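Let chain A serve as the given structure and place chains B, C and D on it in line with the hints.
Number of protein chains: 4
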Amino acid sequence: MVEEIAEGSWILLYIDRKRRKILRVSSKAKYSSDKGTIDLGGLIGSTYGVRVTTSIGAKAYIYKPTTCDLVYSVFSRPSQVIYPKDAGYAILMLDISPGKKILEIGVGSGVMTALIANLVRPEGRVYAYEIREDMAKIALENLRRIGMDRYVELKIRDAAQGVDEKDLDAAFIDIGDPWRVVDVVYNALKPGSPAAFFTPTFNQLLKLHTALIEHTGWGYIECVEILERPIELKENAVRPSTRMIAHTGFIVTAKKHLKDSSDKSIGD
Amino acid sequence: MVEEIAEGSWILLYIDRKRRKILRVSSKAKYSSDKGTIDLGGLIGSTYGVRVTTSIGAKAYIYKPTTCDLVYSVFSRPSQVIYPKDAGYAILMLDISPGKKILEIGVGSGVMTALIANLVRPEGRVYAYEIREDMAKIALENLRRIGMDRYVELKIRDAAQGVDEKDLDAAFIDIGDPWRVVDVVYNALKPGSPAAFFTPTFNQLLKLHTALIEHTGWGYIECVEILERPIELKENAVRPSTRMIAHTGFIVTAKKHLKDSSDKSIGD
Amino acid sequence: MVEEIAEGSWILLYIDRKRRKILRVSSKAKYSSDKGTIDLGGLIGSTYGVRVTTSIGAKAYIYKPTTCDLVYSVFSRPSQVIYPKDAGYAILMLDISPGKKILEIGVGSGVMTALIANLVRPEGRVYAYEIREDMAKIALENLRRIGMDRYVELKIRDAAQGVDEKDLDAAFIDIGDPWRVVDVVYNALKPGSPAAFFTPTFNQLLKLHTALIEHTGWGYIECVEILERPIELKENAVRPSTRMIAHTGFIVTAKKHLKDSSDKSIGD
Amino acid sequence: MVEEIAEGSWILLYIDRKRRKILRVSSKAKYSSDKGTIDLGGLIGSTYGVRVTTSIGAKAYIYKPTTCDLVYSVFSRPSQVIYPKDAGYAILMLDISPGKKILEIGVGSGVMTALIANLVRPEGRVYAYEIREDMAKIALENLRRIGMDRYVELKIRDAAQGVDEKDLDAAFIDIGDPWRVVDVVYNALKPGSPAAFFTPTFNQLLKLHTALIEHTGWGYIECVEILERPIELKENAVRPSTRMIAHTGFIVTAKKHLKDSSDKSIGD
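Residue numbers (my numbering), protein chains in the order written: chain A, 1 to 268; chain B, 1 to 268; chain C, 1 to 268; chain D, 1 to 268.
Where hints are given, some of them may not hold.
All copies of an identical chain are treated as equivalent in the list; a pair is satisfied when it fits inside any one copy or across any two copies.
[Said to hold, decoys possible] Pairs of lysine to any residue residues, derived as SDA-like cross-links and limited to a Cα-Cα distance of at most 20 Å, are as follows:
1. K101 x R121
2. K259 x A58
3. K28 x Y83
4. K166 x N187
5. K166 x E3
6. K59 x H215
If you are wondering where the hints come from, they were derived from the structure by calculation, not from laboratory data. Source: prediction; values computed, not measured.
The shape of chain A in the complex, shown without the other chains (with noise of 0.2 Å):
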């Protein structure tokens, strides 16, 4: 079934690559740019997908926002946040699914807590800790204006310090000093499941490294760096683009195995 745009809905106003932004419909509301005035209002009731025309004539479009276009662009996002090149292949590599319980240390904007709650939603959740105070209030509000909150148990505290959860499915760290808590995530971590680290510079990456091998209680240790190269398509000259954002972080991977020393023998 085709949905209708109703008042509160959000909407994707396309206008071209530099004019273009997610809004929220009301009765009221107009959108101004140098290409015109746009009465929002006049969407409810029309499908998305609708072409309008502006008050001097330019054509907009009206798609419906993806969860990323509306984190992207509702969140207020005061910190750096993780990029869809690297949440995506970490979504992946966590097994994120419909149902799961997740534990994310370092909230920061909420970026990537939304894009697992959406994932996991209705049954899931994600248990998600952050530090500062004033950061996971922001997080808590972006969360909501999307619906998201319901899904997200959101606490503000020092995961170093210990998190409650136990047996979860997966975790996702990305905080400055991911080895501090590699022995937190190891015991909420239902064992042979994965984690996630996420960290910006070689010297974080080989201090986080040695401390999950010296922990003994990991396995499978990866490390990945993900690029998104932009293509620019331009009518005659499809070129990448001049500019990239070249690096956010490593994705550091491993998978949890008991410590015990009362290893099974089974070997015949």
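Relative to chain A, chains B, C and D alone:
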């Protein structure tokens, strides 16, 4: 609750980077490598994460495989398959999430089909079209092995001749001549919704781009290439790997808008 | 023997990454920044490598500029210029070396002209063609400033109409429509010798490739793209830079062979 | 003047991408592949660029090899060698040019030695240090084969114990523990002049960076990584190659300044 390994459970057996294997547990099965033998039946009743010792004393860890672990190991893959770096990005761009109804054209071995099914289940569906009967059969058998077939409707057909569905939430297209299905995909999608096309060569990219422009029903057309750079985590010698997969394909995304010339005019 | 700084010497004055400048020393010149003033005349008679103190006590180092330091700082650059990553690779592929005679089509600001001249001098020559008179004048003035004009013959002409030289050792072509000069370059080169074409878009690359194939006088046709990833060397935070130049152009190399149908037949 | 192929000339024989070979012409030599045999003696007196036919009718082209063609084919290479992408960049950063005197530490197979020698000849020199006698002998033999040994002084020595030269124009260092020679390189260079260090791992990079900072005689310290992405030029299927060399090493550049505490004070 911690899961126990049972008859028929999939496990990821990990000795070291070169000796890792996805296996199905049964009371009579054994696994042998140059590092010795393991009696898989002995794992029944254990939890994931357990450490076992092979017949010659090597240590092996038993992890719970992720969906990615499964599809890239268990699936027969006679054709080129999508990589997690590309799949994860496309999943976010298409807003794949629980309950969504997704069109897939070009199933191949079913890797992307499984990754999408895992995220839309249990209510959502993948409507998957494959022109080659032999590939479709392989894909279906692959999906069955990991229990994902119940979320997929697989049809053996040249999708360029039309698909049966309407008002789908998103579409993923991975075929050699994607320009042939631009209109079919358009007709199958809800207005305002996204499609992602995966295509390897410059020539195909230019041709697809032209087809999308000329169709006039697509907007917000973007293209990226995603690169995955593996980092070698050797003690005291952490470095990017010497070799990497340098190119898989370009991901072109676009959103459907209405072509109807009877535009609304809502400027004030 | 250690060189002394003299009237007219070029220096690279370096305070920190954001405050570095190529300057020409004269008895009356001063250099001022927010870090204070330096009397350049006071450097006359010093050696390169000296450390000086500005009027407000900041430290500055006086290095000897390399040819690259000079061309990327001193040259007026109204047009896009080649980067060292591409120039260095092309120089090796073309076997630029002392005494060689090199064809250049598309001089622009003269950056590549200068880099080649610096390597073929004093006996070699660059025969450089530029279609735009304004650019040619800028290039000539640029070359004069660093004393490289004496190794260059610069001609204002559309090279597609033919060049004056024959039996040149190599050719470098950096123009928007390189397919137009494929035959001209062919005629100017010694048989068996290399050409390198620099071209930014997929469309141009496909068109150039077709032109080289159809000409039938070119073989060993290869293409690469060179990427330079800057690494930030901050204490305890070494990492790839957040942003980089992601694309400049493709480098297509080919070698000339004789088209004469009277092949030698030397099989035994 | 067009060169003739003579007894002892190097040629690049090219049948197709998989059948190309650098060969030395002699009156009695033959070249055989699955595409037939060629009598190399029959080439004497021909010009480069000639097309010949093999015994079974395949076409082969005879190009003049570049220095790169030679060093990567003719040289025995028991050790990892530098790639053109890195060599070309370093050559520009070091301002290698005719007449310069260059320090090289870590000769290996002599690839970089040859590339530098080719650019500083006939007046310039490479002062090349190699700790391993076996490697030094291989390098010397390699250099002799292409006539570059006359521009090189090769010494078998641990350069960390000091080098014989002073006031050199630039230095290139490619050894596993470059921090050991930071002071030796410093003492060998003219003040104000550049050094380039090539190093593969994150660990080495961090250690080298620390050594350069702590030495206090180095400034303008920069680091880049150069990537070469091969593009496949197949008809109607141009695309980046599936695989590439993803990492060779980091290039760290720095310039020498005087450490003397008796700074000039030239502020006004």
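Hint numbers the structure violates, sorted upward? Hint 3 is the one this structure does not satisfy, whereas the remaining hints hold.
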